[in-house]
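**Q** Sequence:
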Amino acid sequence: VTSNGTALTQKNETKLCLILPKIYTKESFMEISFPHMDPVRIPLDSKPGIIRKTNIQCQSKVCGDRVEAVDCGEEVAAWLCDAIAMSGLRLLRQTVGDGRKAKMRLSNDRAIPHTISLNNQDQFLLINTTSVKWLTGKVPDWNHLPEFDDDEKLDEVVERFRGNLIVQAPEHLDELYWHTIEIGQVKLKSNGPCTRC
Numbered sequence: 001v002t003s004n005g006t007a008l009t010q011k012n013e014t015k016l017c018l019i020l021p022k023i024y025t026k027e028s029f030m031e032i033s034f035p036h037m038d039p040v041r042i043p044l045d046s047k048p049g050i051i052r053k054t055n056i057q058c059q060s061k062v063c064g065d066r067v068e069a070v071d072c073g074e075e076v077a078a079w080l081c082d083a084i085a086m087s088g089l090r091l092l093r094q095t096v097g098d099g100r101k102a103k104m105r106l107s108n109d110r111a112i113p114h115t116i117s118l119n120n121q122d123q124f125l126l127i128n129t130t131s132v133k134w135l136t137g138k139v140p141d142w143n144h145l146p147e148f149d150d151d152e153k154l155d156e157v158v159e160r161f162r163g164n165l166i167v168q169a170p171e172h173l174d175e176l177y178w179h180t181i182e183i184g185q186v187k188l189k190s191n192g193p194c195t196r197c
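Residues in the sequence shown are numbered consecutively from 1, following full-length UniProt numbering.
Some hints could be false.
As a list, the in silico BS3-like pairs of lysine-lysine whose alpha-carbon atoms are at most 27 Å apart [unchecked claim]:
#, residue 1, residue 2
1, K22, K189
2, K153, K133
3, K133, K22
4, K189, K15
5, K22, K187
6, K187, K26
7, K15, K138
8, K26, K11
9, K133, K189
10, K11, K133
Just so you know, these hints were derived from the structure itself, not from any lab.
These numbers come from a predicted model, not from an experiment.
Based on the provided sequences and hints, a complete structural model is requested.
**A** What follows is the structure, encoded as structure tokens:
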């Protein structure tokens, strides 16, 4: 978050995309790195007494929702300020007890909304490149990018959506009708289209 407590996102600070997180589950820490800087480690264990007493609990807002978070400390805050070249930054971690819920459900889903973390709407955003290619044909401004060939133009537009999972389906908008997505042994449930997109 910034010095005034608002969330800093890649939408307003593109250098955030250069921060590379690595999670070490056995050692119970996350290491983040940034080009030309030494990495910094953040403990993952959130059991009482493990988080240093200097860390403070605070509130912030994500998409209008109040979230409970724990400040990750001075060392990582100073590291972030150096990496992003912005003063007053803090790294917050959502508390275990914070039960932020997804606002959107499929119309046929009567289940209680699922818990989500500090993202806009859901844990993952799937983008179908076939749909994006179809969409670029509908937006006149995207058809007149002379500096890009068709593949580069498609890649550039796909990146604007900031998806976690990028797929190529046989038809555009196929993804609107998917209820589940399987990747190897992992089965993900679709919670419907993204309201941001």
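**Q** For every hint, state whether the structure bears it out.
**A** The hints, checked one at a time:
A hinted pair counts as satisfied when its Cα atoms are at most 27 Å apart, and K22 with K189 qualifies at roughly 25 Å. For the hint linking K153 to K133, the alpha-carbon distance of about 9 Å falls within 27 Å, and the restraint holds. With a C-alpha separation of about 32 Å, the suggested pairing of K133 with K22 is violated against the 27 Å cut-off. Under the criterion of a C-alpha separation no larger than 27 Å, the hint pairing K189 with K15 is inconsistent with the structure, at around 31 Å.
For a cut-off of 27 Å, the pair hint linking K22 to K187 stands: about 23 Å separates their Cα positions. Annotation: proposed proximity of K187 to K26 holds, straight-line Cα distance about 24 Å (limit 27 Å). Restraint check for K15 and K138: the C-alpha separation of about 30 Å exceeds 27 Å, so the hint is violated. Our distance criterion of 27 Å between C-alpha atoms is broken by K26 and K11, whose separation comes to about 33 Å.
Between the alpha carbons of K133 and K189 the distance comes to roughly 24 Å, so the proposed pair stays at or under 27 Å and holds. Under the criterion of a C-alpha separation no larger than 27 Å, the hint pairing K11 with K133 is consistent with the structure, at around 22 Å.
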